[in-house]
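Residue numbers (the working numbering), protein chains in the order written: chain B, 1110 to 1298; chain U, 118 to 574.
Among these hints, one or two may not hold up.
[What the hints assert, rightly or not] 25 Å max Cα-Cα, derived DMTMM-like pairs, lysine to aspartate or glutamate:
{"no.": "1", "chain 1": "U", "residue 1": "K225", "chain 2": "B", "residue 2": "D1217"}
{"no.": "2", "chain 1": "B", "residue 1": "K1132", "chain 2": "U", "residue 2": "D179"}
{"no.": "3", "chain 1": "B", "residue 1": "K1267", "chain 2": "B", "residue 2": "D1217"}
{"no.": "4", "chain 1": "B", "residue 1": "K1267", "chain 2": "U", "residue 2": "D179"}
{"no.": "5", "chain 1": "U", "residue 1": "K365", "chain 2": "B", "residue 2": "E1282"}
{"no.": "6", "chain 1": "U", "residue 1": "K161", "chain 2": "U", "residue 2": "E328"}
{"no.": "7", "chain 1": "U", "residue 1": "K365", "chain 2": "B", "residue 2": "E1290"}
{"no.": "8", "chain 1": "U", "residue 1": "K437", "chain 2": "B", "residue 2": "E1290"}
{"no.": "9", "chain 1": "U", "residue 1": "K436", "chain 2": "B", "residue 2": "E1290"}
{"no.": "10", "chain 1": "B", "residue 1": "K1267", "chain 2": "U", "residue 2": "E328"}
[Said to hold, decoys possible] Incomplete in silico selection of chain B near chain U, CB under 8 Å:
{"no.": "11", "residue": "S1186"}
{"no.": "12", "residue": "T1209"}
{"no.": "13", "residue": "L1247"}
{"no.": "14", "residue": "I1248"}
{"no.": "15", "residue": "Q1257"}
{"no.": "16", "residue": "I1259"}
{"no.": "17", "residue": "M1260"}
{"no.": "18", "residue": "Q1263"}
{"no.": "19", "residue": "L1275"}
{"no.": "20", "residue": "F1285"}
{"no.": "21", "residue": "N1289"}
FYI, nobody ran anything at the bench for these hints, they're computed from the structure.
Cβ atoms here follow ideal geometry from the backbone N, Cα and C, with glycine treated the same way.
Spelled out from the first residue to the last, the chains are:
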Amino acid sequence: MPAHVVISLMSRDRVGIIAAVAKSIFALDGTIGAISQTVMDEYFTILLTADFAGDTSLDAVRQGLEAAGAPGEFHVSVRQRESVQPKPPQARDGDGFVLTLTGKDRPDIISRVSAYLAGRAINIIDLFAHTRGDAFLLIGQVVVPRDQDIMQLQIDLKGLWKDYPLAVHLQHEDIFAATNEIAFTHSKN
Amino acid sequence: MLRTEDILRTVRMLQEENLDVRTVTLGINLMDCSSPDIDQLCQKIERKLVNKASRLVSVCNDIAGTYGIPIVNKRIAVSPISSVAAGHGEEGLLAVAATLDRAAREVKVDLVGGYTALVQKGATPSELALMRSLPMVLSQTERVCSSVNVASTKAGINMDAVKMMGQIIRDIALSTADRDGFGCAKLVVFANIPEDNPFMAGAYHGYGEPECVVNIGVSGPGVVKRALERFIAMGKSPDLGQVAEEIKTTSFRVTRVGELIGREVASALGVPFGIVDLSLAPTPKMGDSVGEILQAMGITVLGAPGSTAALALLNDAVKKGGLFASSSVGGMSGAFIPVSEDRALAHAVQQGTLRLEKLEAMTSVCSVGLDMIAIPGDTDADTISAIIADEAAIGMVNNKTTGVRLIPVPGKKAGEIAVFGGLFGEAAIMDIPTVGTSAPFVARGGRIPAPLHSLNN
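Based on the provided sequences and hints, a complete structural model is requested.
This is the structure:
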């Protein structure tokens, strides 16, 4: 029975990590399904799914990947995936919005904004945050339930840090698509 | 996948740079309201306008809230009233104008356009009556806007109508003398009037339009100016080709916002989406000025040599960006230079660097014409007509829309200030050096024939 696994790997960044990982998986008779990879502050992270033929164990996959780097270079975690059947696409129960926070850094930004969003049943589906010096930037894609009052959310979010130099904006994702993508698509009219 | 910089640029455009949708204009056909009975005609018009437009303002407000983009004006444009009310004479036209005003107030739109006559080749009795009624209509109504098309590339210039409009503009100014002749701000005299223009005072619902349609006027001089300033501040000194490219990119984004909002409004109202007019329409607010864009390009004194070339670059780049952004571009689509509504232009007029002759030259490369220009109250009718004729000639020969919105300010002379208020702003009254010398030409009347290139079949 084939092994369906999800793998995470972290290391200091250098040229050739993906090549080494892919070669190792291929050598174990595996096939990569999907990859999400990024480099943040000189650290490389990759999350990928793969299927392995035969009775390849999770330990064998982990050891094979660790061996693809220098000793101690790759930190690897491998888990069995519960299901490999793709789910039919589900309609989101809400509209997509983009949340941006820009301004002066402070320790409570992410905890406070994420707590507020969770309290309003707003799901974060993608999040990027970056600090440079004392400048902070957060960009999040969120799904806002249709029964929420957008203008009230915008007021509440701006009120999270009163009198502090942090600009908070919540804008419909269609605006970003319209102003940045070459083709204009609109579901209505 | 959007880049971080793309997201931040869009946020900046919306939050910091005065990007708004300047107008959502609902075009409504009134031709089916015609009736031999004037009371019935007025009832049908009022019923139809309220029926079609009652949700316009609330829908716009909801969508503006959802997207976080202000929709500054909500307006209505109707079929040319000279046709809708044909046969009812001046008295009937006044009743229709009062009805339009009442309906506009009821549905809470700030202006209603379409008190219009199309007389480029000749005028019908109804069109003549409409023109004659303008001093009363524009002084007695609050929200009614009017337009008269006196010329086109196909028909030439109807100089009889041009002569008539000179006197009518003077009469409108006198009838609204207590407001510095403000009635004239609600009238545009056009060449090549567009049927789908959403901007006032010149909007009307053309004969080729559907029963109802949503047209959008986007704005964004502030966005263009800031984009340009940021680009220049990046260190390198961009050449004008690079400046044009930056304006084009910005115009693309601005137009897209307009189309997005327009389609949302149209969908919510259940009517077709018409066009995005991608004109750069300034307001008297600091930072929302076409003149300031020219200054950012390097025209330190507006009206100085180079101003026309800079405006031509701006106008062209705006069109190119907008046309790539949307397949539904229409209306006037160019940079406006309404003097009183543009802080930098108004200042240049006050300083004497921007004069009527230069403005006329500039209108040959932009949209829309000699717009919101205050002139001395004692300017004779023939001089006003001759200015209209000159501007119409530019439109006719260059196959483009030109308009004239001159405001003689009763009791005031060149150099004094006329105050119109709100989005209409204020301006120094402009000197006309050769005033009083155009009568022999204007008095000839007749029609200036259409240019050679009008015969293009």
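A quick look at each hint next to the structure:
no.: 1; hint: U:K225 to B:D1217; result: violated (45 Å)
no.: 2; hint: B:K1132 to U:D179; result: violated (54 Å)
no.: 3; hint: B:K1267 to B:D1217; result: holds (15 Å)
no.: 4; hint: B:K1267 to U:D179; result: holds (20 Å)
no.: 5; hint: U:K365 to B:E1282; result: holds (23 Å)
no.: 6; hint: U:K161 to U:E328; result: holds (15 Å)
no.: 7; hint: U:K365 to B:E1290; result: holds (15 Å)
no.: 8; hint: U:K437 to B:E1290; result: holds (16 Å)
no.: 9; hint: U:K436 to B:E1290; result: holds (18 Å)
no.: 10; hint: B:K1267 to U:E328; result: violated (43 Å)
no.: 11; hint: S1186; result: violated (26 Å)
no.: 12; hint: T1209; result: holds (5 Å)
no.: 13; hint: L1247; result: violated (10 Å)
no.: 14; hint: I1248; result: holds (6 Å)
no.: 15; hint: Q1257; result: violated (11 Å)
no.: 16; hint: I1259; result: holds (5 Å)
no.: 17; hint: M1260; result: holds (5 Å)
no.: 18; hint: Q1263; result: holds (7 Å)
no.: 19; hint: L1275; result: violated (13 Å)
no.: 20; hint: F1285; result: holds (5 Å)
no.: 21; hint: N1289; result: holds (4 Å)
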